[in-house]
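There are 4 protein chains.
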Amino acid sequence: MSTMTGFDVSGVRIGGGRPIIIAGPCTVESEEQTLAVARAVKRSGAKILRGGAFKPRTSPYSFQGLGEEGLKILSAAKAETGLLVQTEVMDASQIDLVCKHADILQIGTRNMMNYSLLKAIGETRFPVMLKRGFMSKVDEFLLAAEYITKGGNEQLFLCERGIRTFETGTRFTLDLSAVPIIKKMSQLPIVVDPSHATGRADLILPMSLAALAAGADGIMVEVHPQPKKAMCDGLQSLTIETFGDYMTRIRAMTAFLLQQNEGN
Amino acid sequence: MSTMTGFDVSGVRIGGGRPIIIAGPCTVESEEQTLAVARAVKRSGAKILRGGAFKPRTSPYSFQGLGEEGLKILSAAKAETGLLVQTEVMDASQIDLVCKHADILQIGTRNMMNYSLLKAIGETRFPVMLKRGFMSKVDEFLLAAEYITKGGNEQLFLCERGIRTFETGTRFTLDLSAVPIIKKMSQLPIVVDPSHATGRADLILPMSLAALAAGADGIMVEVHPQPKKAMCDGLQSLTIETFGDYMTRIRAMTAFLLQQNEGN
Amino acid sequence: MSTMTGFDVSGVRIGGGRPIIIAGPCTVESEEQTLAVARAVKRSGAKILRGGAFKPRTSPYSFQGLGEEGLKILSAAKAETGLLVQTEVMDASQIDLVCKHADILQIGTRNMMNYSLLKAIGETRFPVMLKRGFMSKVDEFLLAAEYITKGGNEQLFLCERGIRTFETGTRFTLDLSAVPIIKKMSQLPIVVDPSHATGRADLILPMSLAALAAGADGIMVEVHPQPKKAMCDGLQSLTIETFGDYMTRIRAMTAFLLQQNEGN
Amino acid sequence: MSTMTGFDVSGVRIGGGRPIIIAGPCTVESEEQTLAVARAVKRSGAKILRGGAFKPRTSPYSFQGLGEEGLKILSAAKAETGLLVQTEVMDASQIDLVCKHADILQIGTRNMMNYSLLKAIGETRFPVMLKRGFMSKVDEFLLAAEYITKGGNEQLFLCERGIRTFETGTRFTLDLSAVPIIKKMSQLPIVVDPSHATGRADLILPMSLAALAAGADGIMVEVHPQPKKAMCDGLQSLTIETFGDYMTRIRAMTAFLLQQNEGN
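Protein chains in written order, with our numbering: chain R, 365 to 628; chain B, 365 to 628; chain S, 365 to 628; chain V, 365 to 628.
Hints listed in this document are in silico derivations from the structure and should not be mistaken for laboratory results. In this text, all values refer to a predicted model and were calculated from it rather than measured experimentally. One or more of the hints may lead you astray.
Since the list gives no way to pick out one identical chain from another, each pair is judged satisfied if it fits inside one copy or across any two copies.
[Claimed, not checked] In silico DMTMM-like cross-links for lysine to aspartate or glutamate, where the CA-CA straight-line distance does not exceed 25 Å:
| hint | residue 1 | residue 2 |
| --- | --- | --- |
| 1 | LYS514 | GLU605 |
| 2 | LYS593 | GLU605 |
| 3 | LYS436 | ASP460 |
| 4 | LYS592 | ASP467 |
| 5 | LYS442 | ASP566 |
| 6 | LYS406 | GLU518 |
| 7 | LYS548 | ASP467 |
| 8 | LYS514 | ASP609 |
| 9 | LYS547 | ASP566 |
| 10 | LYS483 | ASP609 |
| 11 | LYS464 | ASP609 |
| 12 | LYS483 | ASP460 |
| 13 | LYS483 | GLU432 |
| 14 | LYS593 | GLU518 |
| 15 | LYS547 | ASP460 |
| 16 | LYS548 | ASP597 |
| 17 | LYS436 | GLU510 |
| 18 | LYS464 | ASP566 |
| 19 | LYS501 | GLU432 |
| 20 | LYS547 | ASP597 |
| 21 | LYS514 | GLU626 |
| 22 | LYS592 | ASP609 |
| 23 | LYS547 | GLU605 |
| 24 | LYS436 | ASP609 |
| 25 | LYS483 | GLU626 |
| 26 | LYS514 | GLU396 |
Generate coordinates for the entire structure from the input sequences, incorporating the hints supplied.
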């Protein structure tokens, strides 16, 4: 077990106290879309912008992301807003390119067992968020994390994003029990992604509040200017308008929980 | 869809506002054990005592419950403390007997698809809590509930208690997304049972807080004087000592959430 | 472990050698439909007619079976064809009635953990087939079987009928590994139900052949004169026409396997 | 849908008729071990030797394979026996090296959604076997296959190797229904791996026979000289001795099925 209790990324603290909000579109579609979201994220007080440039898609015929062009759009959003940028890397050969534009790398659920990628990122000294494989047990998730920390990269945090079960009312089943279990078994910060877990915009707020109450170190949430026109995963995105109200509720819960923790 | 927004059981409101706590031992083992817990439950301010007299066990060689003797012990605990008593009924032939001693019937997870039992309880006018089958989709859970309401029994509330998945770090996977989904699809109150869902005492508090934050109408929790000596499910029970601290945290969260809801 | 290696029901051997075929409609809908299937079953050389009179349905608004009228139709089919009749019993209170008409009782997947029913059937001396709960591990299945044998009823055989998984291309996932595992752990005969497991008529033949090759003691298969008009589960039924060809293939595989076993 | 009905690899036909057997140790541990197995495989009449040099392991502290040294051992076994060699490639950067030694590439279950790797292999013209992700639906499996065929590589066959379910009596649940479904939806050959699916040597024979009866184009099976001393997955390996008897039974089933198919 590591002794980490959170770490700083350019002045933003991940883990060890105040929960963070990572918000943005599932996919970078255009500069206009990305900047509109980035400004809303900035306005709300969140500190990290997420957006995908390289997209792992189940079908080879689905939109695969804008690639380097998408990374440049994220860089532009960062330059304008000062937000940190987090984006997915799908392959070791992309690491150098992505690191030019991003502050935090993301390893997606489909690559949690891509051990070649985990090892390559373990060799870097770049902050990284590892998503739980949607068919992985918590034990396996923590072992995948060790592929990264074993390489010497300790700027790592985890993300619970739902597991595959027989239930079809949600896209996956959000396993919030994983949060307190991981807090006991590891010093790694863990955030929760209710957008991908549930696939339903109407569940994002209640499951975000639940995640924070369960002890999560933050939330990753999708925001899109026009969810119905999104190229990917629109049904699970907040709009720019609803995101403001959402953040009000999140801040209230955060304040309550911080006060409770001080009392203990 | 029914228009129920909660109902009263002998002056205790279930649903429609302030969350309820249902606490007690998994199994009624003796008068001494049951009264010790009942007094602690009463002291904490909870209103409903749960305890099993008829136990559905996977193995025919496991302890099957005290039966009628267990019901009498529950009656004695009720007489002393004034708590309402909730206990499981496994078969239509037990309904009359159980109703003599209990205020609320419980249908266990293994009987959620025992349609003969559901119909028989639908014919009564007795309050009942229906647990989700651990392999049932939310849709199927709500259809099982309709077997009861179709018979005219509308004093029904539901209980999310975890579903079976591949994860082995917890006994089942608590599916908290079911709470906001059921709140949208139905007027039936829904409580959450983190003891059976996780099988781990150390997860009861975080998952209870999460359940309330997700909108649950209450929590059902196991309390035992000596969990290590319990005849059933000791590992997932709070002790009488930890139950007091637990209730302090639950009350704080409840107060916070009630205040938030008033603001909206 | 029991020392049973199959048993006779009115001269039909279940287990211990030649696989049996149990065929018929999911639900008894009318005398005409049932007799048409019964005649085809008889013609094909199969020995047992199955058909449901009491139907456990997920929704209370679905057709619940013809009840006693359905049992009488089964009796009529038996009188005409000489086939044995197998039908489901959902509740202890139905046992006496069903036993008047049936040769073999069936406990459905939704009642595998209805321990009151298992105990009641264990008290009888009536042949019974217990279906695996679609949420049950093999261990739990065998423990459920012990509720019956513990009561002294040893005329019991089992049925693998698919488990619930994340795969949606089939209705359930047929777990054929359960067949050789159960053959090792128990002396109870085990048959396989590819109709309910897959929910697809086009998979019945290959999965039946596979089940026999894996060592199953028989197959239970749905046959309906007009599957598209069936009141229940038509998509997973063979027609009377395809059933003839099906039986030709089954007989060839059976003959091959019997010859192999003699050689060993 | 492609119009492929099997293809030749150096004179060995995969798909389109006679089932193939791919046999060998899970992991190449030494030249002695590998040659002992290779000779047994050759003797039995099987045509393809499998063995892992690069091993994707859940824990970074587990043995990760011999790497290039392992590939050279496979080359030596091929030189002596004339068997074709099949081995796993974990990363696009390994393709050139592995292709120097192997006749058939293998993509493991943990990499089925590693789209970068799929695309890279789609660009080659090298025979490849794609294993089903243990968390993947059949639809997703076929879409992953299209990442390869879309690149122009049509020398592709598939492997069903079990999916993750709640059942713990086997390592995974072998989903044999996938075989006839894939035969209907695709022209790609599909083989079955009962060793990894069940994790139990005693289930390999019955599940291999079942797979062939369900229509599989072949079997991949683990063979190890001393399973109890294996560095990986020994419990699911046949010994060299039992492999001979196994092949006798497989040949008999194959002959029976070929004769049946001719008759139809």
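>> Taking the earlier hints as the rules, which of them does this structure contradict?
In response: Structure breaks hints 1, 4, 5, 6, 7, 8, 10, 11, 14, 15, 17, 18, 19, 21, 24, 25, 26.
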